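In the order they appear, the protein sequences are chains A and C.
The opening position of the first sequence corresponds to residue 6 in the working numbering, with each subsequent residue numbered one higher.
The opening position of the second sequence corresponds to residue 1489 in the working numbering, with each subsequent residue numbered one higher.
None of these hints come from the bench; they were simulated from the model.
All values reported here derive from a predicted model rather than from experimental measurement.
Misleading hints may appear alongside valid ones.
As the list claims (entries may be wrong) - Label-pair restraints from in silico Cβ distances:
(1) C/PHE1741 - A/LYS124: 40 to 46 Å
(2) A/PHE118 - C/ASN1593: 53 to 59 Å
(3) A/VAL122 - C/GLY1520: 22 to 28 Å
(4) C/ARG1591 - A/ARG323: 37 to 43 Å
(5) C/LEU1525 - A/ARG217: 37 to 43 Å
No residue lacks a Cβ here, since even glycine has one placed at the ideal position from N, Cα and C.
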Amino acid sequence: MSDQGNRLGRLLSWDAAVVLVTVTVLIVASGAVENFGTSRNFTFLLLDLLPIALVALPMTFIIVTGEIDLSVASTLGLTSAVMGSLWDAGLSIETIIPLCIVLGAVLGALNGFFVTVLKLPSLAVTIGTLALYRGLAFVVLGDGAVADFPRAYTSWVTGTLGDGPIPNVLVPLAVVALVFGVVLHATPIGRGVFAAGAGEQAARFAGIRTGRLKFWLYVVSGAVAGVAGVLWTLRYSSARADNGYGLELAVVAAVLLGGVSIFGGKGTLPGVLAGVVLLASLQNALRLQDVSNEALNIVTGVLLIVSVLLPNIVSSARTALRRRHRATAPSAVSPER
Amino acid sequence: MTVTKEAPVAGEPTVHPRRSWTANVFKARESGIVLALIVLVAFTATQNSRFLSGQSIRDILLGTAILAVLAVGQAIVMITRNIDLSVGSVLGLAAFAVGSLMRDNPGLPVIVALLAGLGVGAVCGLVNGALVRFGQVPALVVTLGTLYAYRGVSYFWAGGQQINADKLPASFLDFGTASVLGVPWLVLIALLVLVAAGIVLRSYPAGRELYAMGSSPQAAQLAGIRVGRNTTAAFLVSGALAGLAGVLFAARFGTVDAAAGTGYELNVVAAAVVGGVAVFGGSGSAWGAGLGALLLTVIGSALAVLDINQFWQQAIVGALILLAIGADRLVAVRVAKALKKRDSHV
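Isolated chain A, as found in the complex (with noise of 0.2 Å):
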């Protein structure tokens, strides 16, 4: 019986639906969609699900401790602004990217503050901070646009590595997110994240300072939005007020794709990464297929709903069947009774 329901347990385990799903989906479009499996159509999916997968690896660890950042767009927004009047302003590029890192690390210590130390709800205080910051992107730099920034490093952040499909900057990437994994499945950070999740008070008692553990993932989760800035900017080559608008929907709607509660307390940075190739691939099969960029809304918008409900709907029906086994079980051994 057990075993059964381990096995049960193991196929519909989440993270492994996620992968096999987008495992589906990567087979399916490069067969049914044209182009999508060439390899320059597979250095365009990787440099699309690049800034959603750098913002989604501390976001993970701020929804798995039962808060929430909605303010990483409007951050990446205001550095994507500020980089480009710096750059105007005539200062090197060199000195630049260092200055945007520390503002979107600043910006973040902002949330933290409001949010560990004022002990305000994180939702109201980053749904404040998602406006204020997309609005100071715009006092600095209006709806214009800045460009020019120098060949070496837009170039390079749209170059691949030899003459492979794999974009350069996906290597450091990959070595953030090594590093976001292990902390998070490895080490006593990672288990404290993990306990403040599921139970605030607990984890207090437990001598885990959830208070300081919480500032600093704001911190960070503002400085990997500054680092998407910068890698925003000189992707397209062009600092936008507007820039990375909305992307807080789709980090999050990745997130949860990839298992991590709402509610804290559990979820897997694999599973992210996974989902953060699921959304980005069928976001870009159905761009190939002529699909209009607000129609994806009413996909992303889906999946995100999808990937809250479809747990519920499988934990329920897993107690539901549960309590038939138990109902026949007995009345197998003794059917008199």
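Following the hints, put chain C in place on chain A, whose structure we already have.
What follows is chain C alone, placed relative to chain A:
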């Protein structure tokens, strides 16, 4: 055993002064908005007398009307400790639906447009409510999803076309500009919504149940309040009001495309939060939400009159949200401290 049973009875008399104390603070909060409004209007008027011209006031009132209708719906949802981020998309969908309905049937009376908008919005709200209730999923995630899904439906339907004023029947456009005894129709409708929601929330059992749910969902459930049904109803009302706002939007501007109302959800949440509706549920009023909508609209108008870059507006909205939830927290901490102090004296 008997001691623990008596304890709540002994504590009962303290409940009353406690409630009036917090009520006073929130009253002070609303009067704070009024004060801010007066200062802002006075300052702007001294800088530029154009600000107090009839046309300018009319524009502010028309803008407030649409935002206030949305904010009242948002307040109702937020009081139950939920949030509805999809209102901007529902507004856009309803505006486009009503716009194409009126364009294709020029003979229809305006009341049909209003009912159609309410209907479209109610359906969207019902979907949100059902997903939140039966999916056991946080409203944030559901409405973040439907924010994009409903917008996608609008784009899918509109396909890049725009409904222009010259295609809409004159009676419908007149409704957007006409007034009764000097008060524009849109403002009258917004006032009607405000008064109705204010009275229901304040004085009817159905309204009080929403506050109970927001204060403590579990306690509300134990007290026999039908939490699930009320949640669905709150989302239904919020959606219907967003649909109504869509009709007002179409009538006022006369031009509707699939992008109508993009980003409104931020201003709506801001109006409600600034107006004293707590994001964690359980407190706030329709009046407050209306006042918040008025404040945000006046700020936007003042920025234009003062020749300040309009881009500041969104940043100010964000700062106001942070300020308002910070003030809320401060009040909560002070109330808790005051209670602790009094309890220790008893």
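Hints versus structure:
For C/PHE1741 and A/LYS124, the hinted distance range of 40 to 46 Å is satisfied, since their beta carbons lie about 42 Å from each other. Between A/PHE118 and C/ASN1593 the beta carbon distance is about 55 Å. The supplied range of 53 to 59 Å therefore holds. Checked against the hint of 22 to 28 Å, the C-beta distance between A/VAL122 and C/GLY1520 comes to roughly 24 Å, which is consistent with it. Take C/ARG1591 and A/ARG323: their Cβ atoms lie about 51 Å apart, and the range 37 to 43 Å is violated.
At roughly 40 Å, the beta carbons of C/LEU1525 and A/ARG217 sit within the given window of 37 to 43 Å.
The structure fails hint 4 only (numbered hints given earlier).
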